[in-house]
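K.L.:
Sequence:
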Amino acid sequence: MLQIYYTRTYTPTVTPVTPEGTPAESEGPKGQPQTGTPVFILGNPNVPIDETVKRTFDDGTTEKKVPDEGIYTIDENSKVTFTPEPDFVGKATGVTVKRVGKNGMPVTATYTPKVHPDTSFVDKEGNSLSPTEDGTKPTKDIPGYKIVKTEVDEKGNTRHIYEKVITTYKDKDGNVIPGTTTKEGTTPKKDIPGYRFVETKTLPNGDTEHVYEKVKASYKDKDGNEIPNYPTEDGEQPKKDIPGYRFVETKTLPNGDIEHVYEKVSTPAPTTFTFSSTNSR
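Take 0 as the starting number for the sequence shown in numbering that gives the first Met the number 0 and just add one per residue.
By construction, these hints were calculated from the structure, which means they are not laboratory data.
Misleading hints may appear alongside valid ones.
What the hints assert, rightly or not - Calculated lysine-lysine pairs in the DSBU-like style (CA-CA distance at most 35 Å, straight line):
no. : residue 1 : residue 2
1   : Lys215    : Lys169
2   : Lys78     : Lys136
3   : Lys182    : Lys213
To be verified - For each label pair, taking beta carbons as the anchor points, the in silico distance ranges come out as:
no. : residue 1 : residue 2 : range
4   : Pro177    : Lys139    : 36 to 42 Å
5   : Lys113    : Asp58     : 18 to 24 Å
6   : Thr51     : Ser127    : 49 to 55 Å
7   : Lys139    : Glu62     : 39 to 45 Å
8   : Gly27     : Thr51     : 30 to 36 Å
9   : Val52     : Lys139    : 50 to 56 Å
10  : Thr149    : Pro44     : 53 to 59 Å
11  : Lys139    : Glu248    : 53 to 59 Å
12  : Lys154    : Thr12     : 48 to 54 Å
13  : Glu153    : Thr92     : 17 to 23 Å
14  : Lys78     : Ser127    : 30 to 36 Å
15  : Glu62     : Val38     : 17 to 23 Å
16  : Glu62     : Asn126    : 32 to 38 Å
17  : Gly178    : Pro253    : 21 to 27 Å
Every residue gets a Cβ at the ideal spot worked out from N, C-alpha and C, and that includes glycine.
Please take these sequences and the hints and turn them into a complete structure.
P.N.:
In structure tokens form, the structure reads like this:
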């Protein structure tokens with residue numbers, strides 16, 4: 000009887016069990032520390048992370064300085080702290096965190112921080128007028144100041160530049176009144192000889208403009224009628240001699256105008272004398 004024998008070959012395949020690392024990211028304001036913690040997941044419950052092995056960066060250190068970016072440190076819980084350079088803005092190079100499984104297999108994960116640009120509010124000399132804010136912010140009202148321009152540098156930082164508002168004293172045609180000076184800040188209206196106040200304007204840029212017009216001098220009789228051939232004049236004009244009239248008084252009206260008051264001089268009727276001649280003998 001013929002017997003047939005079969006043979007089989009068994010070849011086992013050993014798949015290494017490697018933990019997995021999940022990267023971490025963070026964002027924060029300029030000049031302020033920020034943190035992130037990469038997560039490490041077991042490849043197999045039978046091969047956990049070796050907690051006796053110190054957490055380090057991929058070069059075996061626990062502190063790393065990246066020129067022109069900042070300093071990274073890692074603690075015993077894999078939390079990475081990034082302290083940026085004061086002027087650093089943008090996405091940093093980042094670091095790689097290294098752990099080891101019980102089977103000796105290394106696992107890595109990255110941490111990448113990002114630093115926001117900021118917005119500052121300064122005067123033309125660079126002095127701060129309001130606290131710097133994180134991110135890109137629009138202009139805002141700052142009492143006593145007006146915006147001049149906005150600058151954005153190559154890193155994305157925004158700089159709003161202001162100057163003090165001013166107060167001017169002008170006539171209705173927009174001309175600066177002689178003898179007055181432009182003043183910094185918001186100042187009240189004032190009495191100006193020869194002018195009367197009309198209104199105060201707050202201009203779109205925040206400046207204040209006090210508007211005046213010249214007072215007028217008129218020549219009137221006691222009934223308020225303008226004396227013929229003596230029209231109203233601009234400015235505080237003095238009284239004058241007017242034929243046929245005598246000066247009575249000068250009034251300063253509530254609006255600042257000057258009114259010189261006169262009355263007519265009565266012309267006496269001519270006197271007729273009659274002479275009679277009597278001849279007596």
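K.L.:
With reference to the structure, classify each hint as holding or not holding.
P.N.:
Here is how each hint holds up against the structure:
no. : hint                          : verdict
1   : Lys215 <-> Lys169             : holds (17 Å)
2   : Lys78 <-> Lys136              : holds (31 Å)
3   : Lys182 <-> Lys213             : holds (21 Å)
4   : Pro177 <-> Lys139: 36 to 42 Å : holds (37 Å)
5   : Lys113 <-> Asp58: 18 to 24 Å  : holds (23 Å)
6   : Thr51 <-> Ser127: 49 to 55 Å  : holds (51 Å)
7   : Lys139 <-> Glu62: 39 to 45 Å  : holds (40 Å)
8   : Gly27 <-> Thr51: 30 to 36 Å   : holds (33 Å)
9   : Val52 <-> Lys139: 50 to 56 Å  : holds (52 Å)
10  : Thr149 <-> Pro44: 53 to 59 Å  : holds (58 Å)
11  : Lys139 <-> Glu248: 53 to 59 Å : holds (57 Å)
12  : Lys154 <-> Thr12: 48 to 54 Å  : holds (53 Å)
13  : Glu153 <-> Thr92: 17 to 23 Å  : holds (18 Å)
14  : Lys78 <-> Ser127: 30 to 36 Å  : holds (33 Å)
15  : Glu62 <-> Val38: 17 to 23 Å   : holds (22 Å)
16  : Glu62 <-> Asn126: 32 to 38 Å  : holds (37 Å)
17  : Gly178 <-> Pro253: 21 to 27 Å : holds (24 Å)
In this structure, none of the earlier numbered hints is contradicted; all agree with it.
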